[in-house]
Amino acid sequence: MHQYGVGVDPIVAAGAVLYFLIIIGVGVYSRKLASGADDYYVAGRSVGAFANGAALTSTFLSPASFLGLPCFIFVLGYPFWWALVGIIAGFPIAALMTAGPLRKYAPVSFTYYYCYRYEMPVAGRFVAGVPTFVAGILYVVLSLVGTALFMVPLLHLPYKLSILIAAFIVLLYTVLGGMYATTWNAAFQCVVMVLAAGIGAIAMIVKLGGWGHFWQSVITTSPKFFNMPSAPAGVQHPFMAMWLGVIGFYFTWHYGFSAMPYTVVRFFTAMDVKTAKKSIIWATFMGATLYLALTIIGSGARVIMESFHPLAAKAAPIAAAKHKPIAIIILVLIKKTFGIGKVTDYATIAAMESIGSSPLMAIIVAGGLSIAMSTVAGWIMVLNSLLSRDWMGKVFKSKFAEEKPVLSARIWTVIILAVCSFIALNPPALIIDLSGWAFVVILASIGPSLVLGIWWKRATKAAAVWTAVLMAPATFFTWLYAKMHFGKPHFFFLNKKIITPHQFYWIFVGFILFIIISLMTKPPAEETVQKYCVELHEPE
Amino acid sequence: MVKVPKKLILAFVILYGYAFFWWFMEALNPNLSKTFIAGAPAPTWYCWIGALYIVNLGVAFMVASD
Chain X
2 MHQYGVGVDP
12 IVAAGAVLYF
22 LIIIGVGVYS
32 RKLASGADDY
42 YVAGRSVGAF
52 ANGAALTSTF
62 LSPASFLGLP
72 CFIFVLGYPF
82 WWALVGIIAG
92 FPIAALMTAG
102 PLRKYAPVSF
112 TYYYCYRYEM
122 PVAGRFVAGV
132 PTFVAGILYV
142 VLSLVGTALF
152 MVPLLHLPYK
162 LSILIAAFIV
172 LLYTVLGGMY
182 ATTWNAAFQC
192 VVMVLAAGIG
202 AIAMIVKLGG
212 WGHFWQSVIT
222 TSPKFFNMPS
232 APAGVQHPFM
242 AMWLGVIGFY
252 FTWHYGFSAM
262 PYTVVRFFTA
272 MDVKTAKKSI
282 IWATFMGATL
292 YLALTIIGSG
302 ARVIMESFHP
312 LAAKAAPIAA
322 AKHKPIAIII
332 LVLIKKTFGI
342 GKVTDYATIA
352 AMESIGSSPL
362 MAIIVAGGLS
372 IAMSTVAGWI
382 MVLNSLLSRD
392 WMGKVFKSKF
402 AEEKPVLSAR
412 IWTVIILAVC
422 SFIALNPPAL
432 IIDLSGWAFV
442 VILASIGPSL
452 VLGIWWKRAT
462 KAAAVWTAVL
472 MAPATFFTWL
482 YAKMHFGKPH
492 FFFLNKKIIT
502 PHQFYWIFVG
512 FILFIIISLM
522 TKPPAEETVQ
532 KYCVELHEPE
Chain Z
58 MVKVPKKLIL
68 AFVILYGYAF
78 FWWFMEALNP
88 NLSKTFIAGA
98 PAPTWYCWIG
108 ALYIVNLGVA
118 FMVASD
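From first to last, the protein sequence lines stand for chains X and Z. Under the working numbering, think of the first position of the first sequence as 2, with each following residue one higher. Under the working numbering, think of the first position of the second sequence as 58, with each following residue one higher.
Keep in mind that the hints were calculated from the coordinates and are not lab data. A couple of the hints might just be wrong.
When the alpha-carbon atoms are kept at most 20 angstroms apart in a straight line, the in silico DMTMM-like pairs for lysine to aspartate or glutamate are as follows [as the list claims (entries may be wrong)]:
hint, chain 1, residue 1, chain 2, residue 2
1, X, LYS105, X, ASP40
2, X, LYS400, X, ASP39
3, X, LYS275, X, GLU539
4, X, LYS532, X, ASP273
5, X, LYS398, X, GLU120
6, X, LYS395, X, GLU120
7, Z, LYS64, X, GLU120
8, X, LYS458, X, GLU536
9, Z, LYS63, X, GLU536
10, X, LYS458, X, GLU120
11, Z, LYS60, X, GLU527
12, X, LYS395, X, ASP39
13, X, LYS484, X, ASP434
14, X, LYS105, X, ASP39
15, X, LYS405, X, ASP40
16, Z, LYS64, X, GLU539
17, Z, LYS63, X, GLU527
18, Z, LYS60, X, GLU539
19, X, LYS105, X, GLU528
20, Z, LYS60, X, GLU528
21, X, LYS343, X, ASP434
22, Z, LYS60, X, GLU536
23, X, LYS497, X, ASP434
24, X, LYS458, X, GLU403
Looking at chain Z on its own, in the form it has when it is part of the complex (with noise of 0.2 angstroms):
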């Protein structure tokens, strides 16, 4: 085996176990009381999807680093 880089190691830690992490949360707690987002009723809980888009971002700048 090539020697894996740590970064990418790292990435998919990061990725897999955002996701992982909120589904087993999810499952754990599935009449979740809801709680509220700048007036929205969407659940705070369900803002994290949309943080991973960010979480992806912050990942890809690390993999291209040097």
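The following block holds chain X by itself, in its conformation from the complex (with noise of 0.2 angstroms):
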């Protein structure tokens, strides 16, 4: 049924398998590692920095990065590139806003600080689940999906089989080896993607003449590339012609490393304290490294594209016909033939492909694959701490999760992925669209309780409560109304002139919101905020 390119290639075929075999081998070797609950949910606290910083990179990137980015920034210009910066700029405010903090407390799921900080044992664990819940949902899918956006075009897979050789690897290894086996893996993608994307940063800067013949290019090509909002000449996307809109996506993406389920239950896996934050500068450097390379990947992508890509001829003149670039019309005819995903889903492998080397493109694919999985394994050990721990046994008080928490916790991480697998076979549209509003969502409804609990005294159990239940719905009807109304969730859901990326202005009105409640509520007992707040910031 796929049109262009011929079979499989064996090299990046051979790629691929080699990376399962890898990451199967690890589920296989670690599972005896995770006997009991704590070793199961967090790796019996005993990951060192490197590993735990690597970790946390591939966990917290999702396949988008890897995906979509390039596309992004080839499409909205330098200005962009302070999006990317900015969530890097996140990860070392995190070791001291939560990492540390957080580590210090050790809870065993991401819920219970919720739940003793603010005194509500049962509710506490929907007020942070149920937000939890459904991004982690979201987000699984979407990563699946993700694992076969590389898979359908690269290893010429079926859409369907792909979606199920995926979820059927994670599940192996998260059901034998737990969040040992979590780890140790995404450590290991950690380390594979970022060897992935630099290497093919480099490769498409030679392929292009050089450095300066690659920046020569880029500017040849868009002229409005480097154009920030105050620019007599204009902007290359309108996204980008305010300062709001720049600012807003450095500050969303930014703020999310501090306060998101799947970055925050790493901090709980860390030796001890000094070691959590010690893995954020592991975490900062590969991230860095990822993103610094993704940036020239994205910078270069439409010349590149444009010059040596096997579809630029049959692009051109449709592209000249529609007044389009022609890396968009590529990108277009690639996603008819593969009828899957977004558009802009297939910038990092198209630009790949024009460089045209096979070993190239062989470790790509496991790249890919790396952030892709990594996400998913990340968010399924949230999720079955959440749904077999926190709610199966501590809410309804099932004899079952409390006795058999390991083989609780396995089970449901068979049930979560065959449910998210089942979704992601025939996944709606919408569904996929979501993601962007499951980020905001966590950060505007539960960040502030998770933030201010820590740093603030006077952080109440109605300020956490009441903060969830506006803002969740806030978030969704914002999001949704700007994405139906206006075609894309950027611009303000009461007027397209104006851009709030991801509707980011939920998060300062949450924290707002979240203090106005607090203040005028009765504060929490002296021995609930010495203990949990307090003691948090002693030094061990």
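Join the two chains into one complex using the hints; note that each chain is given alone, in its own frame.
Below, the structure written as structure tokens:
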């Protein structure tokens, strides 16, 4: 059914098979280590700084980074670089803001802090758990689709088979090795994806004639590439026509690292507070290297596709007729060929294909699968502890969940992956789009109670509950309204002339609302504040 | 309010200050003449964003140290 490209490149297939064998091997090797609840959920709190930091990076960065960011860069131009650097700038802030204090508290599950800091041992598991559950399901589905977006075009596998292969392999290593296998595989996956992006960026610079020629051709092809909102000649894309757009992307992506459940649980797995903080150094290093490489790939993606991609000649007359860049038409043609995902999802693959190197494509497919599968596994570990330990064990008092925590978590892992795979087999378009909302709903609804709970003695239970209850529907409605009404969720929902990436203003509204409600309601007990706020900041 | 560590405040000041400084500089100089780095026509100006990755790493070392 696929038209362009000839069969499967055996070198690319070998790269994917080797990658699969390694991560399955890690799962099998670590199965004996994951015997107790602490082993299964938090890897026995024994993970060193490098492995934890690398795992943090690969888990936090979703397949959208590897698939679509290069497209966003060549479409949005230099202003979007700031969004990428904003993400990395969030890493060191998180080290002190949440990583250190939360590792000192050392809970097992993401919701524990909410339960005890806000004196609601049952309700807390829902206040923090419901937004986490919804966002987690969306992320797992999106990431499974992401694995298929590498396997279908590069390994020529059918879409549904690709989803099932990815789900089965993640299932295998998360069920067998729990957080041990997830962590070690995520660390390995981080190295693979950083190498893939780094080698891809260098190969692209070489293909375009070196550093000087590379940038010359970028500016020749896209004269407005480097323009910021104040440039008299205008910018490449309306999203970057306002400083609010640039700053909004920077802030939203920057703050996410501190409060997202699948990164926060990584702080629990470190050996100690010092290791949790040091893991941030490695996370910053690996993340910065990856994004620097992706920035280069994104900047040169249009040039290299239009110069060397096999579909460039076919795309040129269509592009001329439609007054669109040839690179965009190339991506449209690839999307039509494979029929899955969005046009932007093929940017990295198309740019790398243009270089014409089989070994390069082998490491690109391994890198792409790495970033997608590590996110699936990271979220699966958050969701299985939420469903098994928090909801079944602590809320519904299931004896099975309490007495056999590891078996219960393994069963829930199977159920979650089965449900997410089923959705991913025929994903409604809206589900894929909602992943952008999933990010903001967490940050606006339960982010303030996490950060302020750690840093503000006066933070109250009422504020935690009402911020979650009000922010979740508010973010959902405005995100969806902007998406349906204006076509993109990055326009302010009441006025298309205002750019508010992901409706990010709700994060500030969430914090302000939380503070106002806290000041108006009864403060928590002194011993609660002492244990879950003050003591978290005292030196060990 | 719990006493906020000086390192956290410093990290915020460096990372947001760095970004805002360059945004202001770019806003105030919309017709900036382009200079060259290593033979590339990418403005020197824009290389500073690359340097932010290095700054981040420095801040990460700072916050992780005792």
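Query raised in the report: Hint numbers the structure violates, sorted upward?
Result: Per hint list: 7, 17 and 24 violated.
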